[in-house]
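Undergrad: Go by the hints and put chain B onto chain A.
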Amino acid sequence: MAKKEYSFYPGCSSQEKASSSNYLKSVETMCEELDIQLNTIPDWNCCSASIGYAGGGELPRLALSARNIALSEQHNAGQDIVATCAACWLATKETQERLHDDQDMMADMNKVLAEAGLKVEAKSPIRHMVEVLIEDFGYEALGSHVKKPLDGLKIAGYVGCQTNRPFGIDGESFENPKYLDKLVETMGAEPLENYDKKVQCCGGALAFSEPEKSQAMIKDIIEAAYDGGADLVVTPCPVCQMNVEVYQDHINAKYGTKFKMPVVYYSQLMDVAYGRNAKDAGLDGQVIRAKQLEEIANKS
Amino acid sequence: MSDLNTAMIEKYRNSFLKEVEANVEEGDWVKMCMQCGVCSGSCPLGPHWEHPPQEIFMMIRAGKRDEVLQSDAMWMCTSCYNCIVRCPRELPITHIMHGLAHYAKRLGLAPKNQPTAKFAQLFWDNLVKSGRVNELKLGLSLYFMNGFGEGIKTSLKMKNIGLGMVKTKRMNPMEILGGHGVKDKSGLQKILNKAREIEEAKAQGA
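Protein chains in written order, with the UniProt record's numbering: chain A, 1 to 300; chain B, 1 to 206.
Pulled out of the complex, with its shape left as it was, chain A reads as follows (with noise of 0.2 Å):
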């Protein structure tokens, strides 16, 4: 298969170090097996997710995408932008949308832009990395790469919100998309059937500011997983993971339940199951350790 190259967009969680950085790593993994190039926008920055809207008005907001959208047209020319985040590929497809729906604002975004010698055309398609392992692959060549199928491990696929909704992957339902267990099929595991809060808000940024609002939605994202008998929670989004994972504690004390359910990427899934060990799956990164997909990963 030939090379295939993108312009990356990783984004502040993924940073070294950073609350997704194990998510990074494992895309780096995933890359290497599938030959794929990811070229990191030089001096990108961050794309006020989805909360920045407070403090920053809308051309502010817009500009600091528009930024990363110029340097990638200048550094990595007539690249696609990959992002893996979910927030950041919302706010940089949805700040390209409307610098084509609006020439007024095209116009005032160059002005900004011209501020640090940059200009943007904003011409390139912006994808999530689902979107390039489903459409530029296809699960039959994703497929093609598994020597440790994933059997035996029953995997509710978590989609969440911004992988979802409003650009969500094409061809899928906003109330039913099939993608991730398909993926989770492919990589030899079995999707939960009719997981029913497979879309289910996590409450994203709220899980800070109004902690008792949002754990009360990642308890049923967890107990429906645990209903339909799955071993692990599968997620595209670095948001989800961390929202998933994290309060499991919080959420145990409050309603008594005793929750202790692993939640990883679906690209931690792909590594192991394309025979790489536990560490370049970024497994070492779980708070709560997904131990049956270690033990796979340690198999010889």
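Source of the hints: derived by calculation from the structure; they are not laboratory data. Some clues are possibly wrong.
Stated by the list, open to error - Here chain A is said to cover these stretches of chain B; the calculated rule only asks that three of the stretch's residues, wherever they fall, bring their Cβ under 8 Å from a Cβ of chain A: (1) 9–17; (2) 29–42; (3) 54–62; (4) 68–81; (5) 92–105.
As the list claims (entries may be wrong) - With a cut-off of at most 25 Å between alpha-carbon atoms, the simulated DSS-like pairs for lysine-lysine come out as follows: (6) K183/B / K17/A; (7) K190/B / K111/A; (8) K31/B / K11/B; (9) K17/A / K11/B; (10) K147/A / K279/A; (11) K291/A / K169/B; (12) K213/A / K129/B; (13) K157/B / K213/A; (14) K31/B / K119/A; (15) K111/A / K202/B; (16) K111/A / K183/B; (17) K159/B / K260/A; (18) K213/A / K118/B; (19) K279/A / K183/B; (20) K213/A / K112/B; (21) K159/B / K17/A; (22) K112/B / K17/A; (23) K260/A / K169/B; (24) K213/A / K137/B; (25) K159/B / K213/A; (26) K157/B / K119/A; (27) K4/A / K123/A; (28) K167/B / K17/A; (29) K17/A / K137/B; (30) K137/B / K185/B; (31) K190/B / K202/B; (32) K202/B / K119/A; (33) K183/B / K258/A; (34) K279/A / K167/B; (35) K254/A / K159/B.
We treat Cβ as the ideally placed atom computed from N, Cα and C, and that holds for glycine.
TA: Positioned in the frame of chain A, the structure of chain B alone reads:
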């Protein structure tokens, strides 16, 4: 910014809807709402809104300026986009809620102690400083946003989560000294200043 608030009241005396259309991000969509209630029914924070989106839209049209802008309702939005994908008229509801929240903040009308309003501002201040979010400083500033005593209490409650993150190398105590950031900080500042300048000029002249 109460001067701005006074100026806006004067300028749009007879129509809060017109004010929203002219000044709130995506606000020109408000008049398209047909009051079906799908947004309110689809919202995961539905039970917690003082006024769910559908009600907010009706209140805007009814001229309930203070009730809308001083409400903590818009700050309940988790940005899950359920309302957007389900709205039969394709209103960008999430963006309108963010827009209303930002506008209320700019006018100085947003509720002072709304935790998400505070956190959202902390997030913005954190990111513009170096160009990339410093998660450690953001977390700490969140814990201490209601004063020192509260901060210590929250920090203790969150201690194990923090330790778990440090142990798995997903948090770096050294970030307190600076941490990640863009190289071209001055370029980024210039961009943000210019964007603010253009936006403010438009608001004054609108």
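Undergrad: For each hint, tell me whether it holds in the structure or not.
TA: A quick look at each hint next to the structure:
| no. | hint | in the structure |
| --- | --- | --- |
| 1 | 9–17 | violated (count 0) |
| 2 | 29–42 | violated (count 0) |
| 3 | 54–62 | violated (count 0) |
| 4 | 68–81 | holds (count 5) |
| 5 | 92–105 | holds (count 6) |
| 6 | K183/B / K17/A | 19 Å, holds |
| 7 | K190/B / K111/A | 11 Å, holds |
| 8 | K31/B / K11/B | 20 Å, holds |
| 9 | K17/A / K11/B | 50 Å, violated |
| 10 | K147/A / K279/A | 17 Å, holds |
| 11 | K291/A / K169/B | 18 Å, holds |
| 12 | K213/A / K129/B | 30 Å, violated |
| 13 | K157/B / K213/A | 17 Å, holds |
| 14 | K31/B / K119/A | 35 Å, violated |
| 15 | K111/A / K202/B | 14 Å, holds |
| 16 | K111/A / K183/B | 21 Å, holds |
| 17 | K159/B / K260/A | 18 Å, holds |
| 18 | K213/A / K118/B | 17 Å, holds |
| 19 | K279/A / K183/B | 30 Å, violated |
| 20 | K213/A / K112/B | 20 Å, holds |
| 21 | K159/B / K17/A | 18 Å, holds |
| 22 | K112/B / K17/A | 34 Å, violated |
| 23 | K260/A / K169/B | 20 Å, holds |
| 24 | K213/A / K137/B | 23 Å, holds |
| 25 | K159/B / K213/A | 20 Å, holds |
| 26 | K157/B / K119/A | 46 Å, violated |
| 27 | K4/A / K123/A | 19 Å, holds |
| 28 | K167/B / K17/A | 10 Å, holds |
| 29 | K17/A / K137/B | 14 Å, holds |
| 30 | K137/B / K185/B | 18 Å, holds |
| 31 | K190/B / K202/B | 18 Å, holds |
| 32 | K202/B / K119/A | 22 Å, holds |
| 33 | K183/B / K258/A | 46 Å, violated |
| 34 | K279/A / K167/B | 15 Å, holds |
| 35 | K254/A / K159/B | 17 Å, holds |
Checked against the numbered hints given earlier, this structure breaks hints 1, 2, 3, 9, 12, 14, 19, 22, 26 and 33; the rest are met.
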